[in-house]
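Visitor: Position one of the sequence shown corresponds to residue 1 (the working numbering), numbered consecutively onward.
If you are wondering where the hints come from, they were derived from the structure by calculation, not from laboratory data.
Keep in mind that the hints are not guaranteed to be accurate.
What the hints assert, rightly or not - Restricting the straight-line Cα-Cα distance to at most 27 Å, the calculated cross-link-like pairs of lysine-lysine (DSS-like) are: (1) 472 / 499; (2) 398 / 448; (3) 404 / 499; (4) 233 / 406; (5) 406 / 472; (6) 398 / 233; (7) 448 / 472; (8) 448 / 404.
Claimed, not checked - Distance ranges between label pairs, derived from CB positions: (9) 455 / 214: 48 to 54 Å; (10) 182 / 19: 28 to 34 Å; (11) 471 / 238: 41 to 47 Å; (12) 153 / 275: 33 to 39 Å.
Using N, Cα and C, we set each Cβ at its ideal position, and we do this for glycine too.
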Amino acid sequence: MKRFAALYDAIDATTATTAKVAALVAYFTDAPPADAAWAVSFLVGRRPRRLVRTPDLRAWAADAANVPTWLFEECYAQAGDLAETIALLVPEQEHDETLPGPDRLAWWVEERLLPLAHMAPDAQRAALLDAWQRLRGTSRFLFNKLLTGGFRVGVSDGLVVRALSQGSGISAESIAHRLMGQWEPSAAWYAQLVATETTDADWSRPYPFYLAHPLDATVETLGDPADWQLEWKWDGIRAQLVRRRGRTFLWSRGEELLADRFPEVEASAEWLPDGTVLDGELLAWRDGAPLPFSELQRRIGRKTVGKKLLADVPCHLLVYDCLEHQGVDVRDRPLHERRVIAEAIVARMPVGASMGLSPVLDVTAWAHARTAREQSRNRSAEGLMLKRRTSPYGVGRKVGDWWKWKVTPLTVDAVLVYAQAGHGRRAGLYTDYTFALWDGDILVPFAKAYSGLTDAEMRQVDAFIRRNTVDKFGPVRTVKPELVFEVAFEGIQRSTRHKSGIAVRFPRIARWRLDKPASEADTLQSVNALLASGTVSE
C-alpha cells in the first residue's frame, strides 16, 4: 500500500507526461505481480463498487473522530470529498510495523477491502476502524477512495499502456488489446499481460476502440474531399460485435459486455462468419430510421428485455468498420479496404436483420459536406464523421485521421433559479445550477448545468447566490431570478417527466449574458416552436 501511495503522490505532484510515465514504469518494475495487477485495474478506472452504505460510513467516521454529526457534515461540505474528510478527521494512530501486509496493495484489497461487501454492519464497522488505525497519510486516503468508489488519479489509460509497454518491451497496441474485455486482477493475469508471448485464450475479447478528435479548424484545411470518407455521426452507443467460435459477444465502448440486452442484434449476428469483429453504433430503430436517444435509454441498463420493450423500442447495429476478417486482424489495412470487407459481410444479412451499414455520403466538394452537416438533426445525427480513406484503425484518440464535425449546438437564454454546492475542487462554491424559461409570467425550470464558466466567473456567481438566496431546501438554494445565461445543448425532445414538457441533451453553459435582463430570457413557447418547426427531431 505504501508503494501505491508513493506512486499516487508522484503522479499527483507533476503535470509532466514523461514524469508520470517514469513513475509508473518504476512502480510496475518493482511491485509484486499481484500488487501491479490491482494497480493497473484501478489506474484504468476499474474501481470496486461502493462496499459500505454511505450513511453508515459517515456515522462511523464521525464517531471515530469523536465529533458530532453536524460538525462532520460541515467538514464534508467544505472538503467536498468523503474519503478526504475521513482521512483528515479520524485521528491517526501510532503505526505498528509488525502488523501483517502493511505494504501490499493486494493484501489490503483482497483481505480488507473486498470482504466488506459480505459483512454485517457491525463487522464492517469493526473492520473499518481497524483499517483506519493501521493506515496513515496517503495510504489511508487511498483506502477510503477505493472504499467509496471514488478513486481517480491524473493519468489516462494511454499513459498506463505506455508505461506497461516501456517496462515490458511489449508493443503498446498489444498491451491495449490485452487490457480489453473482462479480466480479474491477479498475479497470473499480470504475468500474462506483460508476457512476451501470450497463451491468452479469451476469444471473446474486443479490440481497443479508435476515437475521433473534434474538428476545430475549417473543413477545407483537410485538403481534397476525395481523400475522406464521410458518414453521419449517430447518437447511440458505440459498440463492437465479436463473432468467434459460433458465439456472439457485444461490447460497449466502456468495455461492458452487453449480453442479452440487444437480443435482436445478437440474433442477426448468427449470420456472420466466424472470425468477424465489426465496429458500429447501437441505435433505437424503426422503419429504416433511428429513434431519439431517449428511446434507446429505455433499453440501456436493462439486464433483460421483455417482449413489450422489444416491440416498443427495436434496436439496430449500424456498422462502421471491420476489424477482424476470417480470424485475421485487419486493423492495419486502409479504411477503404476495410469498408469493402464490411460491405461484403453485411451483405450476407437477410432482409429485416437488425444490422446494416452506416451509409457513406457522396461528397465531391466541402460545400456539399457543409450542407449535409446542417441536415444532421433531421436525421437524428449529431453531425458528420470524417475519416481519411487510407487510415488504419488505431488505438485511442489520435489526431489527424479521424475527425468528428458536430452540428452547432442549440442555445437558449435562461434564468438561474436554483443552485447547489459542488464537490471536489468545487466544494464550498455553488456551481451546480438549474435554469428556467418563461411561461407567461412564470419561470419554469427546464435544465441543469454545471460546466462552462471560468473559475473567476464561478466565484462571482457564487457570491451573487449567497447574497440573493430567497429560500433553502436541503442543499439547494432558491435565488433571485436575475442572472441570465446562454445554455447550449445538443438535442431537445418532448418529455412527460419534466414540468417544462421538454428534455435537453448535454446541457452546458455557453456564456454569461451580462447584457440581458431576466425579463428578456427565452420562453417555453419559443422552444416549443423550435420543436414544431421540424428543426429538431421529436
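Visitor: If a hint holds in the structure, say so; if it does not, say that too.
Guide: Verification of the supplied hints:
| no. | hint | in the structure |
| --- | --- | --- |
| 1 | 472 / 499 | holds (20 Å) |
| 2 | 398 / 448 | violated (32 Å) |
| 3 | 404 / 499 | violated (34 Å) |
| 4 | 233 / 406 | holds (8 Å) |
| 5 | 406 / 472 | violated (39 Å) |
| 6 | 398 / 233 | holds (18 Å) |
| 7 | 448 / 472 | holds (17 Å) |
| 8 | 448 / 404 | holds (26 Å) |
| 9 | 455 / 214: 48 to 54 Å | violated (23 Å) |
| 10 | 182 / 19: 28 to 34 Å | holds (32 Å) |
| 11 | 471 / 238: 41 to 47 Å | holds (43 Å) |
| 12 | 153 / 275: 33 to 39 Å | holds (38 Å) |
In the structure shown, a violation is registered for the earlier hints numbered 2, 3, 5 and 9, in ascending order.
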